[in-house]
Every structure is written in structure tokens, then in C-alpha cells.
Amino acid sequence: MRFRRLILTFIIIVPLLTLLAYGFFRDPRYIPSPIVGRPAPQFTLTLFNGEKLNLADLRGKVVFVNFWASWCPPCLAEAKELEGTWRELKDRDVVFVGVQIQDTEKNGRAFVDEFKITYPNGFDATSKIAIDYGVWGIPESFFIDPDGRITYKHVGGLGPTIVAAKIGEAKQKIVSAKEGKGEYQPIR
Amino acid sequence: MTAAIGHTSVLLALLLALCGMVAPIVGHRTGKAVFFAGTRAAILGQFILVTVAALALIYGLVTTDFSIQYVANNTTRATPIYYRVTGLWGALEGSLMLWEWILIIFSGLVAWTYKDRHRELMPWVLMIFSIVSAFFLGVLAFASNPFATVFPVPLDGRGLNPLLEDANMMSHPPLLYTGFVGLTVPYAFAMAALIVGKLDEAWIVTTRRWTITAWFFLTMGNLVGAYWSYHVLGWGGYWAWDPVENAAFMPWLPATAFLHSVQVQERRRMLKVWNLSLIVVAFSLTIFGTFLTRSGVLSSIHAFSNGPVGTIFLAFLAVILLASFGLLAYRADLLKGQPQLDSMVSRESAFLLNNVLLVSALFTIFLGTIFPLLSEAIAGTPVSVGAPYFNSAIVPLFLALVFLMAIGPMIAWRRASWDNVKRNFLWPAVASLIAASVVFAGWVRDFLPLLGVTLCAFVAASILFDTALAARARRRLAGEGIFRALRTLASRNQRRYGGLVIHLGIVLIALGIGGSMSYSIERQATLGRGETLTVGNYHIRFEGLRTIEQPTHYRVEGAFQVSHGARTIGMLSPALKFFPNQQAPVGRAVHRSTFSEDLYLILSGFSELEKNRATLKVLVRPLVVWIWLGGAVIALGTLVAIWPMKRKNGKLTDES
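Line by line, the protein sequences give chains A and B. Position 159 (the first sequence) corresponds to 159 in our numbering; numbering is contiguous. Position 523 (the second sequence) corresponds to 523 in our numbering; numbering is contiguous.
So that you can see chain A by itself, here it is in the shape it has in the complex:
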């Protein structure tokens, strides 16, 4: 009788403790984006050179959209890498788009000049595009396949290996099951 009660106590308490211990093996800030695998929200971005870029016009190409700000350290870290990757891939039906958010346009222009960025960049002053894409950290990047569907989302800084690999996947229209993570910088 006494033994049965002890067993019963363990049966109740141990799973609870196991559940709590399980907490150590997950990231509580991980929020899966519902947008991956869905059509990318349309936007028109006024570029720093005054031209207008319409996402709909890029159908048939792989589009890499990068949300950044001049004050964010991981953005500084990835800027050169992204420009390098862009120069390698730009003739292969790939378009890079930089969307500057949570910042001033002046700082954005200085940033683009400093890193000699040649792919289209513009300032999303009202953060409308960022909100449509559910951006909550800077930088965040999205890969869009030729059908206009988001195949992968990456939170944090990116290196050339992942960008090239994920562009390759987007070309084949392969949707990633999980979003990626890098250096993380929350919007305040």
C-alpha cells in the first residue's frame, strides 16, 4: 500500500519535472514564421537612386530580400559578404533587394556608399514592408522562388554559403521546414 502510494507520487511528479527539464533544450524566443511557404507580400520600394522597384515585376527570378539598419552590428558584418555574393550571382536570374528599416534615410545612403553596395536598396520609412513580412529582428532575410513564394526565412546575419545554398533551393522551389537563425538583434 505504502509502496503503491510512493509509485503514484513518482508517476505524477516525474513527468512534470521532465517537461520542465525539456525547457532547457529549446529556444523560448523561437516563433515559427507563418509566412514561409506562402506567396510573398507584394511591395513597391522607392530606391535610393529614385527608381521604383516592384516585387511583382521580378516574377520568374529568385529574389533575396534583406531587411537591415545602419546601426545594427550584424548588418555591418554581413554587408560585404552580401555584396560579394550578389556580384557572383547577379547574372543567374537572381535579384537582391535591400530594405532599410528603423533608421534614417541619410544613414542608409551613407551605409550603402561605405560598403559600395550595388544591388537595389531603399528605405521603408513607415516599416510597412517589414510589418507585412512579420520582421521582428534586424537583420532578417527572405528567399522568394520564381513563382513568388517565400521558401526560406533567416533571422540574423548571413554568410555567402547559406545565401548561395538557399538561392539554389529557391530556384528548385524547395521550401525549408524551419527558419534559420544567426546573430540576433531585436527591434526596440
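None of these hints come from the bench; they were simulated from the model. Take these hints with a grain of salt, some might be off.
[Stated by the list, open to error] Some chain A residues judged to face chain B by a derived CB distance under 7 Å, without partners named:
1. 13
2. 19
3. 23
4. 173
[Unchecked claim] Chain B regions said to be covered by chain A (calculated; three or more residues, Cβ under 8 Å):
5. 310 to 316
6. 329 to 336
7. 364 to 376
[Stated by the list, open to error] Looking from chain B toward chain A, a few residues come up when the C-beta cut is under 8 Å (computed):
8. 295
9. 297
10. 321
11. 322
12. 325
13. 326
Note that beta-carbon positions come from the ideal geometry of N, C-alpha and C, so glycine has one too.
The hints should help you fit chain B onto chain A, whose structure is shown.
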């Protein structure tokens, strides 16, 4: 040097704690009383050493000894002296130091108070204290050392989290920790009773005052925390059902249940296992709270540092739960043979229902808090539940609890007669219905707020009615004046009248929460200089911005001329504080409280280019001030309940 003194004291205290753990067992085996005396000496020694360590850390903070990592992280040369002292609980290591300090003060007080009593229980009580103390000292010595040094010594420190630079942060953490630690006293006595197998009412009667004291600090800790959130965080709310808030609130529920159910055990010798379980759960939840806060397993607005501490606390929680409930299961044979409930209409059934509701609330909040873990473990995706879940689940439970606050204290034990029910509740019911119709005719037309007001009025009326009857009886009997009669009543039955006053305080809090939840108005607008925003009866005119230098930061203040109807109230100046080490500004909202409503202004932003525009958020929140006044009434009630009024042969009695 300071660091060396502190760290050595912690290590020596740990050694003593380990001795204190072992001594009663050796004493029990060998039958030598000297080992029991050794346990007491170990507690006393720990008290001295931990006090030395805590004072060393405070000394380091006050003298800005940046060779200590903790000091460098939590003060700067510019930090005012009082925030240097409060830096003791500004981060993890210091908080644990404070916790251990309070724990050992409680242990010392218990050892000293019962030095000649409870000879059988005391060695085991002090052993439990030593185990808990050894755990915290072990963490302080090896996992989260507040005396870790840093080299090279930085020229200046990083400073306290700016949100903690507030007067309420001086009191909120110590109050909460005192509440948490205070629950160790009934827990230690409960465990000692289980170990010895002496499971009568002695442990409950002995720990009554301690439990009420712990409960009081827990209540105040939560209320001051809510006030801090309201006053400093600048979002206009006082409770967000954040995991860390829930962690502080959850122990309050079983502690409150325990305060009520022990009365049933004292009176009727029922609910023995239940009471033991409640106190184990309450104590475990204080450790669970720290685990939750410090482990980072759930995301919270309270961004505390992570580290190995989370794992260690989980391990300790496992030990407590398995050992305590294991012991309870082992001793369950001794807990049999309880009387049965005589009638559903009785005080014990009202208390039982109160317990069921409080434990349901605990379960609801616990489930909601760990839901992201649960859903990810089972379904693979984390799903959080927020305020809507908690509010819709908790509000009905708490309304029912308010109703029981009127019934429980008035209804008869064992079996209430129809006469008893009619005598105690007829007039209060009539009074509450009158109050409800007045409020209905006035302004409140929604069901839940109306129900809330009616129930609150019912409780208040039943308490006032009962007290008035008792006072009248005393005036007739002893010819005392009204105040004298009330005094005699309170001193003759401190717990009852203390409890009733506390119930009045809870009623005020319920009114405040109900009013502010149901009838708040919120507006936001960007204003140019001279423009006016109208919210309710308030007109708020923007007069301009100014910048002020402060010792640790600079602040941008907006000046707003406020009038209510035709009456001018004056200038209110919400601000944004810019700290050099922080990327984002910290808001400084201002509010103006009256008994009927609070006006709350938040400066959400201003344009750097156009100095004459500011974005203002305005909230009008009815009855908020009653939440804080309710807290004051609870403090008064606690005093009535535990103040040593009645003396017998110059000694305090346990019966009061």
C-alpha cells in the same frame, strides 16, 4: 579583500550548513543531545557568517569596489548611494545572497523563539532550514558567486538596469523574497512533523503567525511589483500575466488556501494530508519561481540572465517534490481516520470550496505559464497563451472567491441552521442588492462588473453587519463605548477580525481591478505645440519639450497642461530617459490619481527634427487607486491578526 572576506564567509557558512544537515541524524542514531544542540549552533554560526558576507557585498557596492565583478556590473561611480545599496538585489548573484540572508534570519528567529519548546520537532526543523540554506550557499559558492573578481579592474561600472532605478525597487524584491522565504517556516515544521511522525495540529498552531507574516509579505511583494509596473514601465497596466509575474503570484494561491484550510484542521481535525500537500506545493513554487525566472526556459519581458543556475534550481525542485511527497506517501497511514464533512452548508465546506477554487486558479495559471513548453513538447510548435486566456479563466474563479469571503467567516461550523443563514446574510444581501441597483442606475450596465460590485458590496456588508452586531453585544454586556468594544473584540479574536479586515482590503483590490479592467479609455495622438487632445472629460494641451541632465542619464520631458472639465489641474510632464549604455529610451510615465480614476500620460515619442511635436498616449483608468489602498488595508488587517495584544503571565500564547 572585501571579496575574499565575503567568499570565505560563504564557504564557511556552507560547511556549517552541511554540519547542520547531518547533526540531527547523528543525534537521532546515537541518542546524544549534543548533536541537536549542534544544529542550533550551526544555524547561529551561519547567521553570523552570511550576515558578514551580505554586508561585505553591500560594502563593496557602496564603496564601488569594481574589482568585484558584481559591483562592476551593477553600479557606476555616478550611481546615488541608495541605488548602490539596492544593487544588492539588482541582479542574480546579489538576489540569491539576499534570499540566503533572509532565510538565515528566519532560521535564527525560529531557533531562538523555540529554544525551549518543541524539543522533538526542532532538530528536524533546523535540519530542513540547513538543507535549504546549504543549497543556496552552494549556489553562491560555486555557481553564481557574487564575489567573483575581475582583472584588470574597470575604471567605471556598467550600472543598474535603468528600470530598477526607482523607489519601488527598493522594496519590491525584499518584500517578495521575505514572503518566499517565510514559507520555509511552515514547510520546515511540516516536514519535521512528517519525519517524527507527530502529525497532530502542533505544527500548524506553532507556525500560524509565521505563515500569516509570510503571506503578508508575499501579498505586499506582488502589490508593490504591480505598482512598480504601473508606475515605471509606462504601459498603463499593472499586471500582464507574464511568466515571471505568475511565478511571483503562484505561491500566494496555495499559501492563501493553506491559511484557510488549517482552520478546518485545527477545529475539526480534517484535511491533514491536504494541508501538508498545500504547504509543500507553496514552498516548491517559490523554488519553481526562481527556476522559471533564472533558467530562461520561457521568454519573459523580465530579461534576466541565464546560466547554470536554472538547472541547479530544477534539480533542487526535484529533490523537494520527490522527498516531500515521498515522505507524505510514506506517512499517509498515520494521517487516516479523519472525521467526515457533516453538511454541505457549513463553514468547513465553504473553506473547502475556497481551497478548490484557489487550487483551480493555481492550476490554471500554472498551465498557462508552462503552456509554450507543453505545446512544443507535444505538438512541436510553441503556442503561448496570453492575458485573454488568463482573464477569462481566472475572473470567474475570483468572483466566486469574493462571494465565499462573505459566506466563509459568518456561516456556522459543522451544520449551519436556516436561522444562522438568515441572521447572517439576509441584511447584507439586501444591502448588496440596493448597492447593485444604485450602481446600475448610475452607470454600470455590463454583467460582470455589475456582478463584481454586488459581490463586493455583499462581502463588505456582511463584515460590517457582523462586526456591528458583535460590538453592540459587547456594549450591552460590558457597557463599553464603540471603539473600546471594537478593541476588545479584536484582541479576543485577533485572527478573526484581522482576517475580516484583510477581506475588506481584498474587496477594495477587487473593485480596483474590476473598474480598471472594464472601463479604461485609451487614446494616442501626435500633438503640435498648443494643440489639445480630449480624452473623456480631460483636455490635455501640449506646451513644449525640454531636456534635463541627470546624474546617470538625460531626459526629454514633455509639458502638458491638463484640465478636467472647466477645472485646471496643472502641468504633467511625462518623459523619456536616455541612458548612455542603453539603445532605447526608457519611458517615465506620469499619472494623477483620484479616488474615482487615474489619468495616465505616456510620452511615446517626439520628432528630433521638429522640436514642437510630440506623440502622447493617454489612459483614463477608473478606480486603480483602490488597489493600492486595498494593500494598505491588508497591512492593517495583518497587524490586527498578529500584533501581540493578548498576554498571559507575561508570555505570548499561541492561541491568539
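Okay, the hints, checked on the actual structure:
no.: 1; hint: 13; in the structure: holds, 5 Å
no.: 2; hint: 19; in the structure: holds, 6 Å
no.: 3; hint: 23; in the structure: holds, 3 Å
no.: 4; hint: 173; in the structure: violated, 24 Å
no.: 5; hint: 310 to 316; in the structure: holds (count 3)
no.: 6; hint: 329 to 336; in the structure: holds (count 4)
no.: 7; hint: 364 to 376; in the structure: holds (count 5)
no.: 8; hint: 295; in the structure: holds, 7 Å
no.: 9; hint: 297; in the structure: holds, 3 Å
no.: 10; hint: 321; in the structure: holds, 5 Å
no.: 11; hint: 322; in the structure: holds, 6 Å
no.: 12; hint: 325; in the structure: holds, 4 Å
no.: 13; hint: 326; in the structure: holds, 6 Å
Violation of the numbered hints given earlier is confined to hint 4; every other hint is satisfied by the structure.
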